[in-house]
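Residue numbers (the working numbering), protein chains in the order written: chain A, 1 to 298; chain B, 299 to 596; chain C, 597 to 894; chain D, 895 to 1192.
Please note: incorrect hints may appear among the correct ones.
DEER-style ranges, computed between Cβ atoms [unchecked claim]: (1) A:D164 x D:L1043: 54 to 62 Å; (2) D:R1163 x C:L745: 41 to 49 Å; (3) C:K636 x A:Q237: 34 to 42 Å; (4) A:N246 x C:G629: 24 to 32 Å; (5) C:P625 x A:D145: 45 to 53 Å; (6) A:D139 x B:R343: 18 to 26 Å; (7) D:D1010 x A:A32: 39 to 47 Å; (8) B:A557 x C:G773: 23 to 31 Å; (9) B:G403 x D:D1039: 47 to 55 Å; (10) C:Q640 x A:E247: 45 to 53 Å; (11) B:G331 x A:D164: 56 to 64 Å.
FYI, nobody ran anything at the bench for these hints, they're computed from the structure.
Since the structure is predicted, the reported quantities are computational estimates derived from the model, not experimental observations.
Backbone N, C-alpha and C define an ideal beta-carbon position, used for all residues, glycine too.
Number of protein chains: 4
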Amino acid sequence: MPSENRTLKPDEAFHPIRAVGVCLKPAQPQAAGAVRGLVKWLEQRGLRVIADEEAGEVTGHPSQPRSLLAGQVDLVIVLGGDGTLLSVARAVSDRPVPILGVNLGTLGFLTEVTLDELFAALELVLAGKARVEARMRLDVRALRDQGELGRFLALNDAVLTKADLARMIDLETRADGGEVTTYHADGLIVATPTGSTAYSLSAGGPIVLPELEAFLLTPICPHTLTQRPLVLPHSSQIEICVRSRNEVQLTVDGQEGIALREGDVVAVRRSDHPVRLIASPFRSRFEILREKFHWGTR
Amino acid sequence: MPSENRTLKPDEAFHPIRAVGVCLKPAQPQAAGAVRGLVKWLEQRGLRVIADEEAGEVTGHPSQPRSLLAGQVDLVIVLGGDGTLLSVARAVSDRPVPILGVNLGTLGFLTEVTLDELFAALELVLAGKARVEARMRLDVRALRDQGELGRFLALNDAVLTKADLARMIDLETRADGGEVTTYHADGLIVATPTGSTAYSLSAGGPIVLPELEAFLLTPICPHTLTQRPLVLPHSSQIEICVRSRNEVQLTVDGQEGIALREGDVVAVRRSDHPVRLIASPFRSRFEILREKFHWGTR
Amino acid sequence: MPSENRTLKPDEAFHPIRAVGVCLKPAQPQAAGAVRGLVKWLEQRGLRVIADEEAGEVTGHPSQPRSLLAGQVDLVIVLGGDGTLLSVARAVSDRPVPILGVNLGTLGFLTEVTLDELFAALELVLAGKARVEARMRLDVRALRDQGELGRFLALNDAVLTKADLARMIDLETRADGGEVTTYHADGLIVATPTGSTAYSLSAGGPIVLPELEAFLLTPICPHTLTQRPLVLPHSSQIEICVRSRNEVQLTVDGQEGIALREGDVVAVRRSDHPVRLIASPFRSRFEILREKFHWGTR
Amino acid sequence: MPSENRTLKPDEAFHPIRAVGVCLKPAQPQAAGAVRGLVKWLEQRGLRVIADEEAGEVTGHPSQPRSLLAGQVDLVIVLGGDGTLLSVARAVSDRPVPILGVNLGTLGFLTEVTLDELFAALELVLAGKARVEARMRLDVRALRDQGELGRFLALNDAVLTKADLARMIDLETRADGGEVTTYHADGLIVATPTGSTAYSLSAGGPIVLPELEAFLLTPICPHTLTQRPLVLPHSSQIEICVRSRNEVQLTVDGQEGIALREGDVVAVRRSDHPVRLIASPFRSRFEILREKFHWGTR
């Protein structure tokens, strides 16, 4: 079992790049010029470009839905914020195509390259000099009476929260069959290391470097003062059973979800399909953390 | 590189057990009866018993210093609290002898067996049915001007704190050569997963299961509100440089230490010599957490 | 302006007690015997008893809705938990009738007397020897386009939370006309000192003794790591304006509420009508805290 | 008893200003020009200027120790950081002379005026248009065997910490004679609202507006996870008894202190002598908080 998220070697990270997918955050007409410039730059290098529907709409370039696009390209470029990248990562699903996240605004945790740096970064990617990280994902299944209500891939987190606003919920949590604890809380976040700088951080969780593979269990407003965030090994089989009559909402990466009721179980394990994320050639992990959190340096 | 702290198989965990070391918390005359009973029980089974100086003192049994004892036995039994076990683990140093921690008072995180359970646990240990965990340790070196001031093995943590009571200190922290951040704080805890339920927890750190191998960086009273506990992969080479004129104290496992000054560096990496700890046959990791933290269950 | 929540003197705390209201937590048929015993005990002392509808249902005693009952009695006894007391306090509204909270289960923060202690406590109350505390309440108004959507009295808290589960909300917060900050968070709790041991505590707030009059602003899962709970003087005029397109829910004392939208304002000030709560004659404030939080003592 | 820290009316805040004290942070030769300019500006307006020893040293102006100076002037101007102001406030002791804090570097919490704003602020002060706040202080007494070891005035905080680096301490804490709890911790901070943005904040305390008068008890690295910061009314008589054999250090405003041992008591009550601090005419309390904590605004 691999111990840590690996940096892939260039030859295992990339197929020869012949076709490139370009994905755009929805409703960004002002990005049309940037997308057109990117398409032109890629085509000048003899690469075939497939736009997603959002990029196609602002540029007129032939487009395909993201889920189809992912199967036909050797590289995906995402223009948008972290939310857009989460959405593309879900569409890419289990295909091992590397993703380059380009932030249209300020720097993100997943979109580590700025628009200014785009072409310099792409030169390195095409030259096989970029670092590609295999980021652990969660395989999340919602179960009822032995049947499967839904199954999701999460790059950041799976979150169970009360749907009824006034009352807390009870979430019996097991790991590898043994009871961990029953959380009495507003909710519970199961996060990857990648997700540790997202919602889990707001709920008081630690920062876990994505080089590590692990699960982070962070309760939201726990009723019991002795509850603390828990970091579990990546081999854990986690099961969370809804133990209160109040309706519970499961939300995956803040974007899709399902309603749960008493007795339903959310089973989480490490997915066999990590996301292949191209790291910024221009700043280290810690530089990004320092920039995002205004940490001082010496 | 091993991904997670392993549960050792019986044949790799134990040599055939012929000699047993018995270590006792200092100044426990009331434990004399228990120690004598233990020695008798072991000798009746044909085992040779070596006492440490504390156990020798209350029983009159022939004794040796812990550091010598560790090289001559196939099993060490510690009677005391977590502090006693930390101290014995240090004396055992790099010898792969398994340790059974028996708590003389309430349950500990490291001394998971109670006095009542001692003989039942020992039967399982001698029958080769006990689970032995390889617990990651820190290899901690204090460096000045390229020279080594001291070198320590830590099972729980290495802690840098201000020695001058009034002022905070600056600790420039690097991982694998790159700057993480400079902590302006009362101090900084570098903890193992085992140490995550000790001092790091008081300083606001998460609980990291010891099945995971990782470093936990938990600042003590950080001046910057955006500092959060950090979990780093076990392959990290951590260096902490004292950047303030105030004197700094390095303390290892709360028991030994050294004074540092501006420019000194504490280098921490994963030790090649984990501690072999015999897990309680009677309660799971989570049962211990629930009992210690009064977590409710369903 | 009074500096602190006062303990009222007996002559200002009580009218001569001639009529007593008895309120019961809904759906507690097993409490019928206790309620009947209480009614009998009161009537034997020449007091007129009026039951609320819940108490009337299990005992057959003549009953009235709580809001009517409150105007006709000189003392209200609540049998239930903290939730029941919050609900009765709302029904009592601006009438200065003292309330004795009796917890049917474990001790509460508001229901400080156990069923076992009920008659001993009542003897002291009737003898004018009980301590009555004036507990600050919030006057909460929800405003839209200069009109008032609703107005509420809160003993614990007024809470604004996202109604849409996936997204955080923006809450521009002003005190006495000046901007405090704009919270980007799951929500914001405005609590009284009485409410500091309720939801605010789960969200990371401090414990504020109810002897103090103040507002506590505790953000729920704030996006910005530098946000901390804020304690404001009781003279503050607080205004919270919804600044995000997502729907926001206002919930008062966890029991009633209203849906808000962008531009709506929640205005909070100290109510002129504190709740008169009879303190336990048998345990101090700190004894209750120690018992509820399992704080050790010497 | 006054309910809240008051903003004083001009006629009660100031004597007619005839003499002004000028105090300087030690070892600031580069500030000589600024101090000379200030002295000249004041003398041109017919005011008598007395320098403290630090200001005298860099300017050659006649000087006096701060404690003598305070009795001879109608206004004190402090050039330095928050630490300098704390030190001057202590020297001013119980004299009701208003203090204007001018920060030589970035903005402080106590030194709210920048060097650029100095003369504009002084114009307003001399015209009687400045706002003067009476900031609550702590009267701190260290007691041994009924005798007094020392007595201190604190504007920020009184802090008890372990002097022995390895071990936590036990601090039995009482309010108005009743036991609050016994803290098992690295230490305990008793802070004023003014001090809530200083050390207490690093230890996890809330922000308490200085308009409020209250005590803040914030434990440092408490061993018990259920300990939370406590806010007590300003009328409280707080007593903290050292209950461990380890040596304990009492530190006041981070600047002076005394060593304590088992059985010693620190008694804290509200001082009758608040500090009169001139508020910045140019920014509100919340603007300062937003600037210091990088809180976003709308």
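Hint by hint, which ones does the structure fall short of? When the structure is compared with the hints, numbers 3, 5, 6, 8 and 9 turn out to be violated.
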